[in-house]
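Visitor: Each chain sits in its own coordinate frame; assemble them with the hints.
Read top to bottom, the protein sequences are chains E and D. Everything in the first sequence is counted per my numbering, starting at 1 for the first residue and increasing by one. Everything in the second sequence is counted per my numbering, starting at 1 for the first residue and increasing by one.
If you are wondering where the hints come from, they were derived from the structure by calculation, not from laboratory data. There may be inaccurate statements among the hints.
Stated by the list, open to error - With the Cβ distance kept under 10 Å, some of the chain D side facing chain E (calculated, not the full set): (1) I61; (2) T92; (3) E191; (4) M196; (5) F233; (6) G256; (7) Q276; (8) G303; (9) R411; (10) M419; (11) A440; (12) N447; (13) A524; (14) P552; (15) R557; (16) V570.
Stated by the list, open to error - Only pairs whose alpha carbons sit at most 25 Å apart, straight line, appear in this in silico DSS-like list of lysine-lysine: (17) E:K155 with E:K171; (18) E:K34 with D:K466; (19) D:K236 with E:K32; (20) D:K252 with E:K34; (21) D:K205 with E:K171; (22) E:K32 with D:K466; (23) D:K236 with E:K320.
Claimed, not checked - Every beta carbon over 10 Å from chain E, so not counted as near; a handful from chain D, in silico: (24) L54; (25) E274; (26) L355; (27) D457.
Built from N, CA and C at the ideal position, the CB exists for glycine as well.
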Amino acid sequence: MRYLPLSDADRREMLARIGVDRIDDLFAAVPKDKLLSSPPDLPRRKGELEVERILSRMAARNVAASSVPFFCGAGAYKHHVPASVDHLIQRSEFLTSYTPYQPEIAQGTLQYLFEFQTQVANLTAMEVANASMYDGSTGTAEAVLMAHRVTRRRKAVLSGGLHPHYAEVVKTVSRMAGDEVAALPPDVPAAEDLLSAIDETVSCVVVQTPDVFGNLRDLAPIAEKAHRHGALLIAVFTEAVSLGLVRPPGEMGADIAVGEGQSIGNALSFGGPYVGLFATRQKFIRQMPGRLCGETVDADGRRGYVLTLSAREQHIRRDKATSNICTNSGLCCLAFTIHMTLLGEAGLKRLARINHANAVTLAQMLSGVPGVEVLNETFFNEFTVRLKRPAAEVVERLAERGVLAGVPVSRLLPGAGLDDLLLVASTEVNTAEDRAAFVTHLTEVLR
Amino acid sequence: MLNRQGRPTSAQAHGTADPAAGMGDEAARLQEHRMGRGERGGAHRSTFTGNRALHQEEPLIFEIGRLECTGVDLDEPEPFTPRLGGLERQGTIGLPGLTEPEVLRHYVRLSQKNFGIDTGPFPLGSCTMKHNARLNERMARLPGFADIHPLQPLSTVQGALELMSELARQLCTLTGMPAVALSPKAGAHGEMLGLMAIRAAIEAKGEGASRRIVLVPDSAHGTNPATAALLGFTVKPVPARDDGWVHVDDFKPLLGPDVAAIMLTNPNTCGLFEPQVVEIADAIHAAGGYFYCDGANFNAIVGKVRPGDLGVDAMHINLHKTFSTPHGGGGPGAGPVVLSERLAPFAPVPFVRPLSRGAGEVESARQRRPGEGSAADSPLTPALSRKRERGNAYELVEHAADADDALPLGRITAFHGQMGMYVRALAYMLSHGADGMRQASEDAVLNANYVRACLADLMSLPFGNKPCMHEVLFDDAWLKDTGVTTLDVAKAMIDEGYHPMTMYFPLVVHGAMLIEPTESESKASLDLFIATMRDLAMSARRGDTERFLGAPYHAPRRRLDETRAARQPVLKWTPPTPLPPQEPQG
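Just chain D, same shape as in the assembly (with noise of 0.2 Å):
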């Protein structure tokens, strides 16, 4: 095993002979206890604190917190009459406080047992763990937009309806689709909504009653069946087939009068697209129902294939995947919805509108799709000329009754969305444009791929060695007979400085490990994760199981009991109950 400068990584260099061999008993004594080579097995040399250097032991707030301390500077109120009529909340919160110095300490310790992105290789599948840029982190921080309220008047968040409008246009264009619902939270939360405005669409042709079910393959995202089973719709599965692609003539039969929706990954869960997308879009459609195609994939084709054009009728698009917003510890995301004519009348509220011809673009854009900037071609009502009296060149449409023509299905949210996400995804679209985007998608594809060729002969393909899109799926079939699950494997990749791959999803193939390395990783780092998961094979082979059964050993902690956690849940800290005085003894 070798580091970057081509050193040995340790004196153990897992996969040489042991280093101490040829040693004389006492000279190997030593270097095993320099090397803390027992560390191995989970006994480290212990220190009193319990800290390991840089690695440190950190109570709860809780415990080190104290009642009446605070770190925030306020000065008592003058005397003055309350208004709570008789509602104060009397006694002990349970809130300990901290001053500022301590609050420091205590959450950049935190912080030090955390991976992220700017650790190291973060090759979560499905995931797209790509570079957070901080020009965005600074953008979303301007008090134009980080320091504005949802109501304050419209002609005071000009600038911020434009930025929606803007980031609507140029999710529009990526994806070949004329509409955009901004305001969904997260994925799933897209997810829902695009299976509403289905229902809404089917609602409006009657079919409401009939329309019930909806197909969902077996390789889907756990959050499409439970979306769909949320909204009170019939769950029935696609079957897999060992291709890794969902056939038309598999998903035909499932086709009829009382099918709603299919709801299909693509590029799909397995790290490959979808080859008959058109036809079995054609299929549902024929068949009066409508495609759900779920983005969480979308970095694969960012540029280069639409989803407009293969008859996609919503799509979510989780903007902290592909358009790099941070995925901060789980969240906060943001599911923006693209909608097909058919479904666009349906798009929730609230919505923003362009008042004047022009409004919505950065720089003159060549060319606008038909159907955009319909309001300000149209005559205008009395009512958008006093709105343009008032230098106003966007309104945000928040009911129902003022959207005209389109038959929103209501508000899936309180206020607008998720302002914060959107600022930070339009500078990501900004600042690599159009081709930039394109070389991104271009350049996950190729990591994924090339990481894919490195490994084919050592871990086990389900599929097939084809190309893949932007991640590439392995099974467990290359640890057959190893006693290593690849749950050890992931664990022993945290040992080797990494963040574990996505495991045991999708749920088609057995111990699946899904890698996606994305856009971010440089060449010289895929060589490295590659060497690594190479010496890992060899070791599983060779039979060196102790590197994997006990991983992580150098971790902040090891194996988490989660059987302990579900069984006996301790959900929120409670003091320590007293010890019963003791008897004296003798």
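Pulled out of the complex, with its shape left as it was, chain E reads as follows (with noise of 0.2 Å):
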């Protein structure tokens, strides 16, 4: 077997300097009659070219969306990653290191770390990030229960422009934490009333700009109001490059900024590994969740970092800890990273204006097709249309003609009386021949 060094030899003698006949003795402790007495009913190991064949043909039984014209997202975005991202997070002491405990041979670790928490930290206009969550979804459930803790109250508001998964996870964490959460009903036109729902017994507001319907919010006056009567705003993000062009949440008074950073430096995966940021206010990092790393010296003086404010980690504190999470997204963090470094704020700023630019090219020309209307009034680089017809069947025949239109609401809303709506995506990949051939097939397939 190719990775197992150990020969038999090795197998006899290193019984023998145990003390042992058989590997089975060192098995003792196992109930006799739990101890399996030959190997499972699975295959037998295979060479590398068969295992690739296999693996390649599942593959091929996928479209992969740079073989197509491809407009999906509603929280997943394709963007160009460029060749060197991928080349640098696949170093051997990148790719084959663990959290970074000893500190004295993990500073490449913390250093990437404390990099990517002061680009996220400037990205989101917040006072500090953390070392990343396991995505936006779950980062956004931390969110809440972190409101909860600083709060000391129990019930989040959710907006019905939330990513419809967002909201699923918070709901699902909040149901078993035994906690309440008031969920508006779906909001197309971020038309929603969320001031009114806001009182003394509200821990938190959660908002999604640009909101799941492509919609940008200004959450300026929701944490005015949040604020007033104690209670938290919590803004999220899906689409991380939006905030290269369009007002982050810092700057409209969040308390804590979380959201998805797949869209910079990572694949997507088919929905995952991604990367949560999470920012918030100085005065609350005590009450934060998961891995922080901070600035410090080593005994000659000379600048290190560390994972820091352990006290808050479940290996410390246990039943007490402010979070069970253990890891970070640390190979995602550094791809994300790398990315944002490569691109900077020149490039971070343009590329946010080629995604607006053809996302707004896009919906004029769609708004030209018969039997399609577009509803948003405000967008970055999605947004929602009605069609004549259930979206979900339009994008299956249009996915039979090449084309990945986009995303149905009804996918992520199914009975919700969404069912003619059609999430579209348009960013830096889509050229004008993809546009032109998503219009002629929908028009034809709308016919």
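Guide: Given below as structure tokens:
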């Protein structure tokens, strides 16, 4: 077996040194009738070539985003990731290292986490950021739990523009933890009355911008009302690139900014692994979940970095911890940080402008298709259209024609009476030809 | 101290007499100068740059980047009318950029300050730092896996669903459990899901208000009590005994109608298999509770023992441990949870369901577990027929309403979980096969016991010299009166080119050192490791505390001041404050 260095001779010699006859003597604590006498009922070992064949065959049954005109978004976005990002994150020393518990030999990881935290704080215009969460949705649930700790209240108000998966995750965790959730109904036009949902019992208001239907929302009035009632504003985003062009959470009074960082540096990968971005105010850092990297000095006075404020964490506090979280999304943070460094401020802003321009162009073109209505007043790189036929059916027909046209709202919200709505995203990867193909095929399918 | 070639590793040769003894004073001074002996005190010869050959000092990107600089060539879009509704971002963000060559150099230099599995032995107990095969990386990057959107039409991702289905089948077979929830993002997330499923099952029986206690042994990983508390359970510890095992007699008096579950790690964090695990499972079941097993140490028993045979109701599997998906400097991981018949109906959405017989088999398996493929065996509903007509072999159940008679507890993450990790884990499973996975566990256990046998005379085993599983636990009794602590030993190991073992965990023994060599180490590598540990032990006993207390001497950084980091937290870079203008002197 190519991954196992011990030879049979080694094994015999080692058993003799240990002083036992057979390997199963080392399993003596296992109840006799529970120890399997033969390998489980699965195929035998395979060479690289054979494994590659099997998996490549499976992969070939999927339609890759880059192989077709592609307009899916709804919380996961297709962006171009520079080649150097993937090369660097595959450096052994990054790929095969562990959580940096031994900081003297993990300064590489720790320094990029410090860079990541700084980038996320600046991107969201917040004071501090952590070393990432699993993804945007679990980060949002953690943000709600954090708000409950800070305010000592247990009720979250969820905007109807929050990504339905995010809302479901918050609801699941809250139900299990015995906390209350007031979720507003799906809000396609961003016209809901969040302000009147805020009172002295509310711990936090969770609002997404751009929201799941693509609308941009001014959070400042919500922050103002929330703060007046002692509640926190949790600002959610699912498209990090938008922050290169759109007013950031920190400038609209957010107390916690949380969102998905996938679109910078990370592949679509069918939904994971992604990287949750999480930022807040300095005064809340001891209530924050997740890993934090901090600057310090070594015994010779040289600058270095360590994981810090671990008195919040499970391995110290056990059942009193701020979260049960143990890891972060290390390598995905690294991909984010490298891509962000390559972009820089100038590149990020331009990338965001290109995304917006492409979406504006596409919206204009689609609004000219009979049976299509663009619903958004405002948007960044994704918007909602109403079709004259069920969107899921239209998407399926377009997929047969080799166009992945977007995400039907019914995929996220079945039974909500929104079956005619389609979420359409357009990023820098879309060409004029992609847009033309979309319009042509959509026109034919709707005819 | 000998290296692989059998030569002394340095002229100083730890553990031998001072090599300079007997030389003339001048010769000794020269020798000392050449060998940099002063370095052991931390005062090494300085360089102009602060670099030391391959050890490069590297500033932060915020200190070397420029706001106007970018390493990505993009053309400005044609003029257009924005649709931002006056919510445009103004001003500077604070994200300096670098060109590609600068980015490469920056991150390569950072990487060189890191210790990874490929750098050297990484015997970090309970973390299973085994080899990460590069085939798995290549497979995860196939466009058909890496470049597919989680919400594109199911007809365009049948291969992805097939992969998830096959991974699920193999995990179920290896654990002897009927169902698995793939979506948890990490071990702790899996724990949370497992306890949620238990909570849901208890609530379904109308006992949600009364069963509020979760029993957690003192030796448990910190995530166990943290998870239970997060879900509103009261954590009650099960005391440890001096043999490292949980005894059913200690545990039975704690049982009652208020107990929801026990969270037991097996093999446990002391590196031992729990011999009374079946009795414990029977007892908790008899009391109406559930058995959550922390599967962090599954690598000891893959293909040897099936947790399902032990009475486990839920167990998370760390794909990043047992199935070798890279740890990546602390994630991303993946923590699928296998579930018993009693908990399976409560599995979260989404899950994959085969629409046709025989789906999900890479090779025709000789036998399927009861209950598998039931969707295929039952008469097709009209809806199913429609899906099959479309050529789909699998469907993805994303909403509770579509789950037929199951009662999903909800959704615990956006989308479908860690697909990238599923691909890598399945590549590992296919490569090893049933025989290779069983062999890997046997080798992991053999390696740990070999280390135990070869160090038992010098280091102290808190629970006696008995067989361990895939990791061996020492305490610090052997360091008594040496002035050296577990932490010091760990730092001295760094100087010898090793990643230290897990320190001070589990909490039930004093100054714990938990060593998990994994199956990836060769015998030669273990022999050198053992020799190093023996040399360290003899050094400590001989009173060579300098070797420990100041260590590491040779790492990119000496010991870091963690107290300062916590007392005055600096969590992001801020531009330096300009110095106040100096008064002209004199």
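Visitor: For each hint, tell me whether it holds in the structure or not.
Guide: Okay, the hints, checked on the actual structure:
no. : hint               : in the structure
1   : I61                : holds, 5 Å
2   : T92                : holds, 7 Å
3   : E191               : holds, 7 Å
4   : M196               : holds, 5 Å
5   : F233               : holds, 9 Å
6   : G256               : violated, 20 Å
7   : Q276               : holds, 9 Å
8   : G303               : holds, 5 Å
9   : R411               : holds, 4 Å
10  : M419               : holds, 4 Å
11  : A440               : holds, 6 Å
12  : N447               : holds, 8 Å
13  : A524               : holds, 8 Å
14  : P552               : holds, 5 Å
15  : R557               : holds, 4 Å
16  : V570               : holds, 4 Å
17  : E:K155 with E:K171 : holds, 11 Å
18  : E:K34 with D:K466  : holds, 20 Å
19  : D:K236 with E:K32  : violated, 31 Å
20  : D:K252 with E:K34  : holds, 22 Å
21  : D:K205 with E:K171 : holds, 21 Å
22  : E:K32 with D:K466  : holds, 17 Å
23  : D:K236 with E:K320 : holds, 13 Å
24  : L54                : holds, 12 Å
25  : E274               : violated, 7 Å
26  : L355               : holds, 14 Å
27  : D457               : holds, 12 Å
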